[in-house]
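Novice: These are the residues of each chain, in order.
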Amino acid sequence: MTLVPEAYVVPLTLFSPLVFGVLAWLFDRDWIREILGVIGAAVPVTVLSLAYEKASSGTISYTIDTGVFKLHFVLNSLSWYFAFIGALVGIAMAFGLSSTSRRGYDWLFSLMSFTGVMGVFLARDFVSLFLFWELMTFGSFMMVLRRNRHESLKYFVLSVIGAYSMLLAIGMVYAKTGTLDYAMASQTLLLLTKMGGVSKAYVDTIFALFLLAFGVKAGVVPLHVWAPGAYGENDQSYTSFFSGVLSKAGVYGFIITLFVMPSLYGIYFAMGTFHGHLTGTYLIAWAGAVTVVVASFLAVLQEDIRKLLAYSSVGQVGYIILALGVFNGVAVGGAMFHVLSHAMFKGLFWLISAALILRTGKTRFEDFGGLAEKMPVTFAMALIAVLSLAGIPPMAGFASKWLIYEGAIQAHMPLVAGTIFLGSALAFAYVVRFLYAVWFGQRPSDLDDVREAPLPLLVGMTILAIPNIVFGIAPGLAVRLINRFFNTNITVNSYYSISTPTGTYNALSVTLVLIVGLAIAGLIYIYGANARKIKVTNTYQSGNPVTEEYNLVIRRNFYRPLAEALDFWLKYSWDRFYERLANLTEDFADWLREGFYNGNVQSYSWYLAIILLILAIWGVL
Amino acid sequence: MFDWRLILDAIGILIYALVVGFIFMGIERKAMARIQRRIGPPIYQPIIDTLKLLGKKESVSHGFIYNFGPVFALGVSITALLFIPIANFQLFSSNADLIVVAYLLEVPMLGIMLGAMSSGNPYSALGVQRGLLTMVAMQLPYGLAIIALVQHWGTFKLSQLVALQQLQGWSITVPALALAFIVFDIVFQALLGLEPFDIITAPAEISMGPMVEYGGKHAALLFTQHAVQLFAETAFFAVLFFGGASNLLDLFLKQLLVLFIAIFVASIYPRFTIDQAAKFFWKWPTIIGIIAVLLTV
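Order-wise, the sequence lines are chains A and B.
Quick note: the first sequence uses the working numbering, first residue 25, plus one each step.
Quick note: the second sequence uses the working numbering, first residue 46, plus one each step.
It should be emphasised that the hints constitute simulated quantities derived from the structure, not laboratory data.
Even glycine gets a Cβ: it sits at the ideal position worked out from N, Cα and C.
Treat the hints loosely; a few may be bogus.
[Said to hold, decoys possible] 16 Å max Cα-Cα, derived EDC-like pairs, lysine to aspartate or glutamate:
no.	chain 1	residue 1	chain 2	residue 2
1	B	K324	A	D205
2	A	K557	B	E103
3	A	K94	A	D205
[Stated by the list, open to error] Label pairs and their in silico Cβ distance ranges:
no.	chain 1	residue 1	chain 2	residue 2	range
4	A	I550	B	A223	44 to 50 Å
5	A	I550	B	T218	46 to 52 Å
6	B	L293	A	K557	54 to 60 Å
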């Protein structure tokens, strides 16, 4: 704490990315731009780690007085947790951007959204939430706009819908309570509901509007349609932040509605129960479950690396939403943990895809192949990311998913829990697709001179890979952080071992036994005769020699049988539904325009007459 | 610091599992042969096969991952085995619970696939694809069966599951869990890779799928892995539905029962195609599974 005075912690975290982003944009020269950007992204993570002690034991408040209203920011253990995850992915993104981007524009807007996210996490009242939320959305929108107009428009329309519903909800809260502070507003609201000053439908509406606003950002099906395009048509280094952290802003919004505003929490009880579950949260759990299944199925069937990762991202955030909806201590703890592990492994995945796209210039699976030899370090990182996403013990992705499993089954939500099983098998399927198509098999000849990813990108990857392993072997570390701000009912036996009321997971023992098992297997392997290395293409082909011209690798339509089994469901698409809706609206508007502005003077005079008549009847004239 | 008793137990169980696993593989071949009115190989044949493969003078390799795949698979199978309470040996089962074991039992497949994929053989790739699709198809009913079990007994700890069943009767004596048992048994067929779900290996179509490229010591490792996996999976089944076991003989009989059900089913049915399997799994086992979980809520 002595290094950074308490008063500077919050402003440094909030504004250093933006300030340095503007500087990087102004001094748009090689090296200068990158150094400025990395410094800007490094400040929050440094300041936050220094402020850890203070934030975990108390709170650090900060207020900006704009004259009209005051913006309150608080760094407590909850906001520290989210902000630190964001800052960690942020610094990795900055390293990635210094390899993949050569434009001040990218630095400006990516760091602008960095500031926006930090503001969302630290905000303590609705005005600052809304302002920084829009800053974040604007930055990310500009990043998409530069690359793809159509996709950016889709993102824009859904974000605007989200923004308006948030504004409406905030307005509704303010109209009844006269305050914008979370705590004050929620207390007043609770009081008013108890005294009957606010009707139940009114609060239900606020609740629904907030969920709509945050659901857009979290990508809950059916509001997810912007995500594949916006994540894909972007600088992939930035996407590591976009998908890893910005989607968490949506999750954080859910947490605000669920836990920070306990009056809405009271609403769940007011909304009644459904088969023993609170209706409000039960709906959220199902929204999450549907998201997991739909997005994971779609991820399996993608042919483009960016689309696959984007849908997978939507699906993984679905797990978090599902777990929040399960609404018992263990599941919510699991959700918080999954926020961490998803940010780490998905950030890592996007940086890997950034490296692949940078070095090969290709994005479709059919163009990749056999890169494991050419990019060994990136491949090792990819393996860590894959193991973590697929939830292989002892990786961080497993520990968090384990908590969600236990929570969902304990809460007696069997069908919701069943979708987690399905989702994790689908996750297995799509990561193997990624592994196979990109890294293994015969290499297309045009990829023969691909080089290893540049150093800054590798540094970024390493920053994200280490937490995947550390929090996997020591899940207690993360759970201890989570227990500070939420009573999760998860016992931390030691750094390595966590227990729920009905289950237990000792990550260290799993790791050690795994190492012993691998050692035994390795001994058997070493005992055998030496292996002679042969070419990838030198394979068993029923006695037929196969020459190099034939590429025998299945890269297109890898999961075609699944597509065939699902053909009935694949006929329906939310994306196409929205597009059709947009077209219908456009056609209707066209029809209206052509019908009214038909260039006939007589009909214009008729309009005038009708309007005059209406006004006369109304009593204006 | 070290619990020597535990370590000795683990080593003992590992050797026992290896031998019994190989015997199970032999029994599988022998029983299948007898049903088809062949004589069949002797029961210890898989051990001889494995030793022969290990003794091969030379084996070929497609690179590091190709070697790492089988090693990883065997390593994880051993890990999974050591977290299951085997008869009166608790081993490490107090450190991890049902979900962890269920996951660990699936990971070896990823190891095999990792190795298979790193060779350029299209049969391997097809095997990988089919294996993963089978897994996607079976995961929903599999999950439902496990959920029903946990909801009924209220615990994830395998040792507690055994204790509860020994007090209150085996899982299959509970009507709802009997349904879960049916589901689990159907899924088990796919877990073992036996007909009608031997879609992964399908010898007649894709020449053993992921295994096609493997020979020599790599194949020996995969055989060993299969033996350990077979033992672990049958033991897991016995723990979940037949009340575990109080001694190794008891466990052996229960494992044999489970194995013979699988063998009999396997020798009657032909193979499903992958989309048939998916549609089948998402129809009857899922419906029965949903009934089972709703009965245990």
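Novice: Does the structure break any of the earlier hints, and which numbers would those be?
Specialist: Of the numbered hints, 1 and 6 do not hold.
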